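All chains should be built: construct the whole structure from the sequences, respecting the hints.
These protein sequence lines are chains X and V, in that order. For the first sequence, position 238 matches number 238 in the working numbering, and the numbering has no gaps at all. For the second sequence, position 256 matches number 1256 in the working numbering, and the numbering has no gaps at all.
The hints are all genuine.
The calculated SDA-like cross-link candidates involving lysine to any residue, where the alpha carbons are at most 20 Å apart (straight line), are:
hint: 1; chain 1: X; residue 1: Lys115; chain 2: V; residue 2: Ala1017
hint: 2; chain 1: X; residue 1: Lys192; chain 2: X; residue 2: Pro113
hint: 3; chain 1: V; residue 1: Lys1118; chain 2: X; residue 2: Ile16
hint: 4; chain 1: V; residue 1: Lys1118; chain 2: X; residue 2: Thr23
hint: 5; chain 1: X; residue 1: Lys115; chain 2: V; residue 2: Ser1277
hint: 6; chain 1: X; residue 1: Lys115; chain 2: V; residue 2: Val1021
hint: 7; chain 1: X; residue 1: Lys111; chain 2: V; residue 2: Tyr1274
hint: 8; chain 1: V; residue 1: Lys1009; chain 2: X; residue 2: Pro102
hint: 9; chain 1: V; residue 1: Lys1117; chain 2: X; residue 2: Ser9
hint: 10; chain 1: V; residue 1: Lys1118; chain 2: X; residue 2: Gln292
hint: 11; chain 1: V; residue 1: Lys1117; chain 2: X; residue 2: Leu17
hint: 12; chain 1: V; residue 1: Lys1118; chain 2: X; residue 2: Arg12
hint: 13; chain 1: V; residue 1: Lys1117; chain 2: X; residue 2: Gln292
hint: 14; chain 1: X; residue 1: Lys115; chain 2: V; residue 2: Leu1023
hint: 15; chain 1: V; residue 1: Lys1118; chain 2: X; residue 2: Val282
hint: 16; chain 1: V; residue 1: Lys1117; chain 2: X; residue 2: Arg13
hint: 17; chain 1: X; residue 1: Lys115; chain 2: X; residue 2: Asp194
hint: 18; chain 1: V; residue 1: Lys1117; chain 2: X; residue 2: Leu15
hint: 19; chain 1: V; residue 1: Lys1117; chain 2: X; residue 2: Ile24
hint: 20; chain 1: X; residue 1: Lys249; chain 2: V; residue 2: Met1246
hint: 21; chain 1: V; residue 1: Lys1009; chain 2: X; residue 2: Leu212
hint: 22; chain 1: X; residue 1: Lys192; chain 2: X; residue 2: Gly226
hint: 23; chain 1: X; residue 1: Lys111; chain 2: V; residue 2: Ser1277
hint: 24; chain 1: X; residue 1: Lys249; chain 2: V; residue 2: Arg1247
hint: 25; chain 1: V; residue 1: Lys1118; chain 2: X; residue 2: Phe285
hint: 26; chain 1: V; residue 1: Lys1117; chain 2: X; residue 2: Arg12
hint: 27; chain 1: V; residue 1: Lys1117; chain 2: X; residue 2: Ser293
hint: 28; chain 1: V; residue 1: Lys1118; chain 2: X; residue 2: Ile24
hint: 29; chain 1: X; residue 1: Lys249; chain 2: V; residue 2: Arg1248
hint: 30; chain 1: V; residue 1: Lys1117; chain 2: X; residue 2: Leu31
hint: 31; chain 1: V; residue 1: Lys1117; chain 2: X; residue 2: Thr23
Listed below are several chain V residues computed to face chain X (Cβ distance under 7 Å; list not exhaustive):
hint: 32; residue: Ile1033
hint: 33; residue: Tyr1112
hint: 34; residue: Leu1139
hint: 35; residue: Pro1239
hint: 36; residue: Leu1243
hint: 37; residue: Ala1258
hint: 38; residue: Leu1261
The set of hints was computed from the structure by calculation and includes no laboratory data. Since the structure is predicted, the reported quantities are computational estimates derived from the model, not experimental observations. Where is the CB? At the ideal position from N, CA and C, for every residue including glycine.
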Amino acid sequence: MAETGATASRNRRTLILLLAPLTILLGVFFLIPLGIMVVYSFLEPGLYGGVEWNWYPYNYGRLIGWPLNDYEVFDPIYLKIFLNSLQIALMTVAGTLLLSYPAAFWVASMKGPRKSLVLFLVALPFFANMLVRIYAWLLLLRPTGFLSTLLESTGLIIEPLDLLFTNFSVIVGMVYVLTPFMFLPIYANVEKLDYSLVRASRDLGATNVQTLWRIILPLTAPGIIGGSVIVFIPALGNFIVPSLLGGSKVQMTGNLIERSFLQSRDWPFGAALALLIMAFVVVLFSLQFSRQSKSEGQGTR
Amino acid sequence: MFERIMSSKGWWRLFQAYGLVFLIFLYLPLALIFVYSFNANPINMAVWTEFTFDWYKTIFFGAGTAGSFDAAFTESPDRIFEVVRNSAIVALSASTISTVIGTATAIAIRRYDFVGKKVYQALLVLPMIVPDIVLGIALLIFFVGAGFELSLLTVIIGHTTFLSSYVFVVVSARLAGMDMSLERASADLGAGPLTTFRRVTLPQIMPGVVGGFLLAFIISLDDVVITYFIAGVGSQTLPLFILAMMRRGLRPQINALAILLLSFTFTVAAIGLYLRSRKS
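Laid out in structure tokens, this is it:
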């Protein structure tokens, strides 16, 4: 079917018309702001907030050990906080994975309306406000909260139990908030699992553990990796969970960013911290992307 | 199938029990808020005194009208009304605009091929990948630098930017299953582009468009992090208000407010999930 010149130019016009709004929106309010943030991270912080337009690599220097001058000593506190954030994010990934993996098999083993109902029930908390979900854990974990009161009334403990403001409480909150992100990709993967391979493995005399380790885990790896990436990223940059469940005792990079923007007004340093998190995001996603396209390439072979 | 994998009855039972534990883990914390929201004890929620609707009443009518709670335990209903109104304005405008923009983009991507399409598509999903906090501060720097006053408008702009990506993804999924030859047939039979869109394309993708709108609406309504950075003094939304309440100390009124918000979002989400299940 040969297209005439008139239709081709009309098509082009429609295409431009349809794409223009989002292109302009993303260009002006997404790409340019990100670009400005990159520029800011190399500028000198102004004395009263704002920036001085001078080349100033020491925002990154403060982070990775490259002091401003001979009088300044490198303080590894920011690096420590970043490493703690990494640790919390990794523990969150582990927690959500341990919870979601068996649950995905549980849901996949169901049939009919019961399965739809349970899937609905698992998906629903995903839409609950994040603050409300964190708030629930404040009620559970604080010294006058549900757990402590319950344990006291049974006589198991005498002193009120304070579980708040520890790495543990932050991880619990993060796991609770991010579990749906892990469950859904794993479930999508488990749902498509080819059980004939599992049966073959058992028929050939493999033990349960061998079947799990050599057959089921590799087959569900894409779901595990996908879920881990999309749990890790929001966990790493989170500041709401640590500020509510971690108080002043647990600091994450997100809290540092928030503070440098809204309190100490050192915007360039905050921008540098944000870019450090972005670097992780970019690396993780390009790894994930190249892995995905590689496995697609194998599929068509 | 699974009975065979779980060779022994004991393992199978354990597996089922675990499933229940998982559901309890998901719902027990929320159920706790629900129960506490009816507890009259103004000092310690974990100690039950008696059943009351008063915390809900204080949200609508203020402290004086309900029970003996003094104003120290509650926020004024005017203030609550103001932040709810702000949230409604932001969520409705941002999700409406992003539904139009996201749908237009999805149709263009499905219908036409052009140079650099792959890269363009990657750009479209980028706002969903960038962490909220990065998006929030980037917008803050931009708005302040460009001389915008932080207001409901900046919040709407910020939400629309990343919500358009969500709508694009949802509508694209729907379009992927659509038969494009119908559009061509309609055009060949002499229908104009608008008629074709209204009578052929839109009816087919409607579940996706509605689903995208509902998703955008909920995300906008629930957003804390991005709004936190780009809302001004007079443009506090409901989640920011709840955050401020939580930081001042846990008062029982938060329970009632949280349950009202939760009931609303769950209803919207349930409609969305129902529409999606009907579509497939």
